[in-house]
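J.: Residues per chain are reported as follows:
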Amino acid sequence: MLQTDTLHTKFLELVKSAEAQNGATLLESRQAAFKRFSNNGFPTIRSEQWKYSNITGLLNDALQVPVEPLAVKETQDAGAALLVKLHAPAEWLTILTINGKLHTIQRPTGSKEDNLQISDVQDFLLSTEDDGDNDTVVQQAINKPFSLLNRALFLHGLQLEVKANSQVNIPVHIIHYYTGIENTFLQTRLQLKANKNAHLTVVESFIADSSCKNVVVNHAAETLLAAEATLDHFLVQQLNEQTNLILSEVVRQEQQSDYKNHVISLPFARFIRNNLDIALKGTYSHTDMHGLYMVSPQQVIDNSTGINHLRPNCTSNQLYKGIVADKGTGTFNGRIYVHLDAQKTNAFQKNANLPLGEHAVINSKPQLEIYADDVRCTHGSALGQMNNQQLFYLLARGIKQEIAVKLLSQAFVNEVTETIEQESIRSYVADLVEKALDQM
Amino acid sequence: MLTIKNLFAGIEDKAILKGINLQVNPGEIHAIMGPNGSGKSSLASVLAGKEDYQVTDGEVLFEGKDLLELSPDERAKEGLFLAFQYPVEIPGVSNMQFLKTAVNEIRSYRNQPALTAGEFLSLIKQKQKLVELDDQFLRRSLNTGFSGGEKKKNEIFQLAMFEPKLSILDETDSGLDIDALRIIANGVNRLKNNNNSFVLITHYQRLLDYIVPDFVHVLYDGKIILTGTKDLALELEEKGYDWVKEMAHAKEPAQ
Numbered sequence: 001m002l003q004t005d006t007l008h009t010k011f012l013e014l015v016k017s018a019e020a021q022n023g024a025t026l027l028e029s030r031q032a033a034f035k036r037f038s039n040n041g042f043p044t045i046r047s048e049q050w051k052y053s054n055i056t057g058l059l060n061d062a063l064q065v066p067v068e069p070l071a072v073k074e075t076q077d078a079g080a081a082l083l084v085k086l087h088a089p090a091e092w093l094t095i096l097t098i099n100g101k102l103h104t105i106q107r108p109t110g111s112k113e114d115n116l117q118i119s120d121v122q123d124f125l126l127s128t129e130d131d132g133d134n135d136t137v138v139q140q141a142i143n144k145p146f147s148l149l150n151r152a153l154f155l156h157g158l159q160l161e162v163k164a165n166s167q168v169n170i171p172v173h174i175i176h177y178y179t180g181i182e183n184t185f186l187q188t189r190l191q192l193k194a195n196k197n198a199h200l201t202v203v204e205s206f207i208a209d210s211s212c213k214n215v216v217v218n219h220a221a222e223t224l225l226a227a228e229a230t231l232d233h234f235l236v237q238q239l240n241e242q243t244n245l246i247l248s249e250v251v252r253q254e255q256q257s258d259y260k261n262h263v264i265s266l267p268f269a270r271f272i273r274n275n276l277d278i279a280l281k282g283t284y285s286h287t288d289m290h291g292l293y294m295v296s297p298q299q300v301i302d303n304s305t306g307i308n309h310l311r312p313n314c315t316s317n318q319l320y321k322g323i324v325a326d327k328g329t330g331t332f333n334g335r336i337y338v339h340l341d342a343q344k345t346n347a348f349q350k351n352a353n354l355p356l357g358e359h360a361v362i363n364s365k366p367q368l369e370i371y372a373d374d375v376r377c378t379h380g381s382a383l384g385q386m387n388n389q390q391l392f393y394l395l396a397r398g399i400k401q402e403i404a405v406k407l408l409s410q411a412f413v414n415e416v417t418e419t420i421e422q423e424s425i426r427s428y429v430a431d432l433v434e435k436a437l438d439q440m
Numbered sequence: 001m002l003t004i005k006n007l008f009a010g011i012e013d014k015a016i017l018k019g020i021n022l023q024v025n026p027g028e029i030h031a032i033m034g035p036n037g038s039g040k041s042s043l044a045s046v047l048a049g050k051e052d053y054q055v056t057d058g059e060v061l062f063e064g065k066d067l068l069e070l071s072p073d074e075r076a077k078e079g080l081f082l083a084f085q086y087p088v089e090i091p092g093v094s095n096m097q098f099l100k101t102a103v104n105e106i107r108s109y110r111n112q113p114a115l116t117a118g119e120f121l122s123l124i125k126q127k128q129k130l131v132e133l134d135d136q137f138l139r140r141s142l143n144t145g146f147s148g149g150e151k152k153k154n155e156i157f158q159l160a161m162f163e164p165k166l167s168i169l170d171e172t173d174s175g176l177d178i179d180a181l182r183i184i185a186n187g188v189n190r191l192k193n194n195n196n197s198f199v200l201i202t203h204y205q206r207l208l209d210y211i212v213p214d215f216v217h218v219l220y221d222g223k224i225i226l227t228g229t230k231d232l233a234l235e236l237e238e239k240g241y242d243w244v245k246e247m248a249h250a251k252e253p254a255q
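As given, the protein sequences belong to chains A and B, one line each in that order. For the first sequence, the positions run 1 to 440 when the UniProt record's numbering is used. For the second sequence, the positions run 1 to 255 when the UniProt record's numbering is used.
Don't read these hints as lab results, they were simulated from the structure. It is possible that some hints are incorrect.
[As the list claims (entries may be wrong)] Per the computed footprint, the stretches of chain A lying under chain B, defined by three or more beta-carbons under 8 Å from a beta-carbon of chain B, are:
no., region
1, 389-402
2, 405-414
[Stated by the list, open to error] Where chain A lies over chain B, by a calculated footprint (3+ residues, C-beta under 8 Å):
no., region
3, 20-33
4, 40-51
5, 102-116
Glycine included, each C-beta is placed from N, C-alpha and C at the ideal position.
Okay, chain B solo, but in the shape it has when bound (with noise of 0.2 Å):
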C-alpha cells in the first residue's frame, strides 16, 4: 500500500523528516508515536502534499505510484485521505457543497458517473450514522462554528465519504472527551477492513485501547527509532520517552 524509503524533508533549510522508512500493508493499522516536535505532523503534511514542505531526498510509493509526483487533490482522488489535527474553517462554503464537490471530484477521477442528488443524500445519511453527525451541521458552513469534537467527527464522516485506501489521522483523538474519543473510534473500526490501511499519529496510548493497532512505531528527531506492538505503546505511556531518547542517542556513532 505505501512504502517510504529514507525520506528526508525540510521547510527552508531546517531538516524536520531525516531519513524515515515505513511499510504499510493493506488491512494494517500503525501507530505512529513520539515526543513533542519529533516530525510527526510534518510526516503526514509531507504525504498530502502540503507545499511549504520541500522533500529533499527519498521516495514514497503510494500503490505502486510515485505519490511524490502527484498533487495534493491527485493523491486524495488516488485513496490517500488525511484527517487534520486542526480542521479548517470555512464560513461560506456549506458542507453539503463542499462533500458534493469533492465526492464527484473523486468518482470523475476514477471514471464514474456523479451522484444524483438522491444517491448523494442516501449515502450522506448512511455514513453519517457513523459518526452520529447531526443534519445541521451539514447545512452549515464547513466547520465553521463547530465545537473540537463536531470537527475531528466531520474529518472521520468525510472518511467515510471517501473510502480512502490508507487514511493518516493526525492526533485526532487530542481534545477530544471521552465520549467523542469512542464515538470516533467506533467510527474508524467500522470502517477498517481487510482491504484499508489507517495510520495513527498520537501522543497517548489512550486511542490505542479504542483502536488496537498492528505496529507502534516511534519517531524522534526526524527517525523511527523503535518499532514494536501494542504493548510497546503502553510501556511508553508508564515510562516516558526518556529511554526511548537515550536508546537513540547511544546507537548513534560518537563524534
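For reference, chain A alone in the conformation it holds in the complex (with noise of 0.2 Å):
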C-alpha cells in the first residue's frame, strides 16, 4: 500500500514546482492539510466510515502521484472532435478537461453565457479553520483523510463562478476525461460558487477511456451556495476496472438556498467511494440527495453520505438505490444529523437495494441523529428481492427470463431518474443507465 512516507517526498516536490506556480495561501493551505493527512494517513476498517470498503488493494505500491502536469496527447484542435466521441450534448456549454487540465471550452452557437466565470482555483472556497461562525461540520468533511490529501497534492483545480442575481440558461457540462495514464493516483479538484440568488445547472461526467491501467482519481469538490441560489448538480460516473475513483463533495449551503444533486454511479469501476457532506447552515433551505448505483460483479461502490441541518426550518430529502449483481459489493452509508439549534427540520430518507445473485454483498446503515425536539424525519432501508408475481406475470406474457429481469431493473431504476426535472439531462442519464443495464 501507498505510504505515507512517500507521499511525503512527493509532496515536498510539488510544493517546490508548485511554488512559482501559485500565490503564497494556496501553498500554506497545502501545507497545513498535509500535515493533518500525515497524523492519522489513510482510513482503515476500523474506522466506521470505511469498515465496509478496504482500500489496502486499490492503493497499491505501483501508484505514482504526479508532481507536475501531465502531458497531453490530444492537440487543442482535437477537443470538438473528442466531445463528439464522448457523446456531450452539443445544446451545453461545455469544459473538458483531460486526466484533470482544462483542454476545451465549447459554447452552443449564440449562447453568452457572461455571468459564469470559469478559472483556476486560487484559494479554497472553504476553511479548515475555525472562521468563528462554528462551522465544526464543514471543517470535519474537508478535514476527512482524501479530502486533504487532494487539498494538499492537486495538480489541476478549476472554479466556477456565477455572479449575484443572475440564472445560467443551459447545462454547464464538465467532462473529467482520463485517458493515457498508468499507475497515477491523480488529484483533481472543482469548486463550484453560486453567489447571491445565482442559479446554476452543473453535469460532471467522469468517463476514462481504455487505455488507463492502474489509476485511481481522488477528486474532491467543494461548493458553495449563498442565500437564496439555486444548484442543480449531476455526477454521473463512467469508468472502467482500471479506473477507479474517491470522490469527496462538501457542500454549504446559506439560507433559502436549494441544491439538488444526482449522484449515478454506472458499473465496471473496480472501486468509486462518494463522499458527500452537506452542511444546511442558513434557514429556509432545501437539500435533494439522489443515487444510483449499479454494482458489477467483483466491484466496489461505496456510498457514504452526511446531511446536516444545522438551522431551523430546512428540508432535506434523499433517495439512494443500488442494483448489485452477483459477487458486487454496494453499500450506502447514510447519516441524517438534526443538530441542537435545527427546529422545524423534514428531513426524509429512503434506501433500497435489488440484487441481482445470491452472492451479491449489500451494506446498509442508514443512521438518524436528532438533537432538536420539534422535527419530522423518516429513514428507511428495504433489501429488495425480483418480486416473483411481478417476474412471472411477465414470463406469462411470453417474455423471457433475461429480458423480464432487465425490465424489472429498469423499473426499479426509473424511479431515482424520474426524479431529474430537465429533460435533455434525464435523457442523457436514461440512455447510459439503460445501455449499462443491458451489459450489467
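Both chains come to you apart, so use the hints to assemble them.
T.: Okay, structure coming up:
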C-alpha cells in the first residue's frame, strides 16, 4: 500500500514546483492539509466510515503521484471531435478536462453566459480552520483524509462562479476525461460557487477510456451556495475496471438556498467511493440527494453521505437505490444529523437495493441523529428482491427471463432517473443507465 | 388443441390436482366451475407454468407438444394465454413498453419481423376499441393504480394483442360490475373464432349468460367430477354444489 513517507517525498517535490505557480495562500493551505493528513494517514476498515471498504489493494505500491502536469497528447484542435466521441450534448456549455487539466471550452452557437466565470483554483472556498461561525461540520468534512490529501497534492483545479442575481440558462457540462495514463494516483479538484440568488445547473461526467491502467482518481469538490441560490448538480460516473474514483464533495448552503444532487454510478469501475457532506447553514434551505449505483461483479461502490441540519426550517430529501450484481458489493452509509438549533427540520431518507444474485453483498446503514425536539424525520432501508409475481406475470406474456429481469431492473432504477426535472439531462442519464443495464 | 391426461400437481407436499382429464378442441369454449379451494386456479397456474407448483404425474399436450417441458414464456409464445385472477401491478414499467416487448418477443419466436412503431400503434388502436380502454392507460405503469375493472379489461386487451390459440380466463368476472362484465364478454365473443379456444374459470353462472360455453365442468377436490352443457351451470346456480359433492363422495369406493 502507498506509504505516507512516499507521499511526503512527493509532496515536497510538488511544493517546490508549485511554489512558482501558485500564490502563497494556497501553498500554506497545502502544507497545513498535508500535516493534518499525515497525523492519521489513510483510513482503515477499523474506522466507522470505512468499515465496508478496504482500500489497501486499491492504493497499491505501483501508484505514482504526479507532481507536475501530465502530458496531454490530444491537441487543442482535437477537442471538438473528442466531445462528439464522448457524446457531449451540443446544446450544453461543455468544459473538457483531460486527466484533470482544462482542455476545451465549447459553447453552443449564440450563447454567451458571461455571468459564469471559469477559472483556476486560486484559493479554497471552504476553510479548514474555525472561521468564528461555528463551522465545525464543514471543517470535519474537509478534514477527512482524502479531502486533505487532495488539498495538499492537487495538480489541477477548476472553479466556476455565477454572478449574484443571475441565471446560467443552459446546463454546464464538465467532462473529466481520463486517457492514456498508467499507475497514477491523480488529484483533481472542482469548486462551485453560486452567489446570492444565482442559479446554475452542472453536469459532471467522469469518463475513462480503455487506455488507462491502474488509475485512482481522488477528486475533491467544494460547493458554496449563497443565500437564495440554486444549484442542480449531477455526477455521472462512467469508469472502467482500470480507473477508480474516490470522490469527496462538501457543500455549504446559506439561507433559502436549494441544492439538488444526483450521483449516478454506472458499473464496471473496480472501486468507487462517494463521500458527500452537506451543511444546511441557513434557515429555509432545501437539499435533495438522489443516488443510483449499479454494481457489476467484483466491483465495490460505497456511498457515504452526511446531511447536517444546522439551522431551523430546512428540509432534506434523500433517495439512494442500488442494483448489485452477483459478487458485487454495494454500500449505503447515510447519516442525517439534526443539530440542537435545527427546529422544524423535515428530513426524509430512503435506501433500497436490488440484488441480482445470491452472492451480491449489500450494506445499508441509515443513521438518524436528532438533537432538536420539534422535527419530522423518516428513514428506511429496503433490501428488495426481484418480485416473483411480477416476474411470472411478464414470463406468462411471452417475455423471456433475462428480458423480464431487465424490465424490472429498469423499473427499479426509473424511480431515481424520473426525479431529474430537465428533459435533456434526464435523457442523457437514462440512455447511459439503460445501456449499462444491458451490459450488467 | 389441449389434452390433459391424469394430471397430478401440488405445492410442496400438498396435493391439489388429483387426476385431471380434459380435452379442449379448436373453436370450443369450456367453463370450469367448482366450490372454493377445489383447484380451479391451481389448474390455470400449472398450465401457465408457475414454478411454485410441482407436477407429480400425468401429461399435458398443447398442439401436440409436451406443455410441461416448456418454460412459461415459451408456453405463451406457443399460444397459451392466462388472464390472471389478480393482475400484478408493475410500477415503473409502462403498459406501452411492456406490450411492445411482449408482442415483439412473440413475433420473433414465430420468425416474424418486429413491428415498426407505426404498425404497433395501429395494432393498439384497433384492439383497444374492443375493450373500450382509454389511451391514458397505455402510458401509465402496468396495472398500477388501475381499478379492478380496468385491470381485467387490460387482461382482455392483452389477449386481443397477442392473439393466442388457447386462452384461460381465471375468474375474470370476479369483482366486475355489470357494465365491465358486458364489455369484457363482448371483447371475448368478438375474439372467438373457429381456430381458437377458451377455458373460463368462474364461480358464477352470470358470466356464462354473456359467453356461452360448449361444455361446463365441475372441479371438486382436484378432479373433474361432472361434465355437462350450459344447462349444468344453471342447475348449479339454482341448487349449489352440495348435490355434486355428494355424488362425488358416493362414487368413491367404501373404505
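J.: Evaluate each hint against the coordinates.
T.: Hint check:
no., hint, in the structure
1, 389-402, "holds (count 12)"
2, 405-414, "holds (count 6)"
3, 20-33, "violated (count 0)"
4, 40-51, "holds (count 4)"
5, 102-116, "holds (count 4)"
Hint compliance for this structure: hint 3 alone is broken.
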